[in-house]
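Q: So the chains spell out like this:
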Amino acid sequence: DTEVTQTPKHLVMGMTNKKSLKCEQHMGHRAMYWYKQKAKKPPELMFVYSYEKLSINESVPSRFSPECPNSSLLNLHLHALQPEDSALYLCASSRGVGTITDTQYFGPGTRLTVL
Amino acid sequence: GQNIDQPTEMTATEGAIVQINCTYQTSGFNGLFWYQQHAGEAPTFLSYNVLDGLEEKGRFSSFLSRSKGYSYLLLKELQMKDSASYLCAVSYYGNNRLAFGKGNQVVVIP
Chain A
13 DTEVTQTPKH LVMGMTNKKS LKCEQHMGHR AMYWYKQKAK KPPELMFVYS YEKLSINESV
73 PSRFSPECPN SSLLNLHLHA LQPEDSALYL CASSRGVGTI TDTQYFGPGT RLTVL
Chain B
9 GQNIDQPTEM TATEGAIVQI NCTYQTSGFN GLFWYQQHAG EAPTFLSYNV LDGLEEKGRF
69 SSFLSRSKGY SYLLLKELQM KDSASYLCAV SYYGNNRLAF GKGNQVVVIP
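Residue numbers (our numbering), protein chains in the order written: chain A, 13 to 127; chain B, 9 to 118.
These are calculated hints, taken from the structure and not from any lab test. Among the hints, erroneous ones may be present.
Stated by the list, open to error - Keeping only pairs whose Cα atoms sit at most 27 Å apart, straight-line, the calculated DSS-like set for lysine-lysine is:
#, chain 1, residue 1, chain 2, residue 2
1, A, 53, A, 34
2, A, 52, B, 89
3, B, 89, A, 21
4, A, 50, A, 21
5, A, 31, A, 48
6, A, 50, B, 76
7, B, 110, A, 21
Claimed, not checked - Residues on chain B that point at chain A, a partial pick, calculated with CB under 8 Å:
#, residue
8, 37
9, 41
10, 49
11, 50
Said to hold, decoys possible - Chain A regions said to be covered by chain B (calculated; three or more residues, Cβ under 8 Å):
#, region
12, 46-59
13, 115-126
All C-beta atoms, glycine included, are put in the ideal place defined by N, C-alpha and C.
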């Protein structure tokens, strides 16, 4: 089983709203990732959690706030977003971080539209 | 940056063979991954290469030359469902990131 699940599939929010994206995996993976992807572009890394601790923040604006409540769950809290934040938000997980066979498996993504 | 370079788009006929190339900076190379991504969907893992040579998985094969900083993905017996973007991603030592290429859009026509 290489399944990563994400909810919701689609989200439309106003610039003053607060919402959260959720990601879950039950593969025993200890690294989890948030990516942002714009149309016809590759995924851009936002955050990496390793063993439930934030290990990488790619200078992401504070209106995006990640949270890793346990080893299976990863959240992304959204507040005061801008229209240019509209994108596909992808969650991924891997067994560990930095070893040779650390394939990242992606969830289906949340299509976010900010009005 | 790691300068992951891929051509942007190609069209091929059903049943044909296509080769998608990827070049990258060799310093600190740890492994190379190929992903398939259909429009609006998540990337799906296809293959990874760590050592030089060819890895075959059914209709898909991936090749790596570490000394040349070069990989290719070979798609054989193309099917309509193979129309997608193919992403090359490289892992580097001491780094928790995958460096993605821009992706190569393959369009399969009847």
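Q: All the hints need checking, so say for each whether the structure fits it.
A: Right, here's what the structure says about each hint:
1. Proposed proximity of residue 53 of chain A and residue 34 of chain A is supported: the alpha carbons are some 23 Å apart, at most 27 Å.
2. A threshold of 27 Å between alpha carbons decides the hint, and for residue 52 of chain A with residue 89 of chain B the separation of about 18 Å falls inside it, so the pair holds.
3. At roughly 22 Å between alpha-carbon atoms, residue 89 of chain B and residue 21 of chain A fall within 27 Å of each other, so this suggested pair holds.
4. Taking the CA atoms of residue 50 of chain A and residue 21 of chain A, the gap is about 16 Å. The hint holds against a cut of 27 Å.
5. At roughly 16 Å between alpha-carbon atoms, residue 31 of chain A and residue 48 of chain A fall within 27 Å of each other, so this suggested pair holds.
6. For the hint linking residue 50 of chain A to residue 76 of chain B, the alpha-carbon distance of about 31 Å lies beyond 27 Å, and the restraint is violated.
7. Annotation: proposed proximity of residue 110 of chain B to residue 21 of chain A holds, straight-line Cα distance about 24 Å (limit 27 Å).
8. Because the closest C-beta pair between residue 37 of chain B and chain A is about 11 Å apart, greater than 8 Å, the hint is violated.
9. The interface hint given for residue 41 of chain B holds, since its Cβ lies 7 Å from the closest Cβ of chain A, which is under the 8 Å cut-off.
10. Nearest Cβ of chain A to the Cβ of residue 49 of chain B: about 7 Å, under the 8 Å cut. The hint holds.
11. Against a cut-off of 8 Å between C-beta atoms, the interface hint on residue 50 of chain B holds, since the closest Cβ of chain A lies about 4 Å away.
12. Beta-carbon proximity to chain B at under 8 Å applies to 5 residues in the region 46-59 of chain A; the threshold of 3 is reached and the given coverage holds.
13. Counting residues of the region 115-126 of chain A whose beta carbon lies closer than 8 Å to any beta carbon of chain B gives 8, which meets the minimum of three for the stated coverage.
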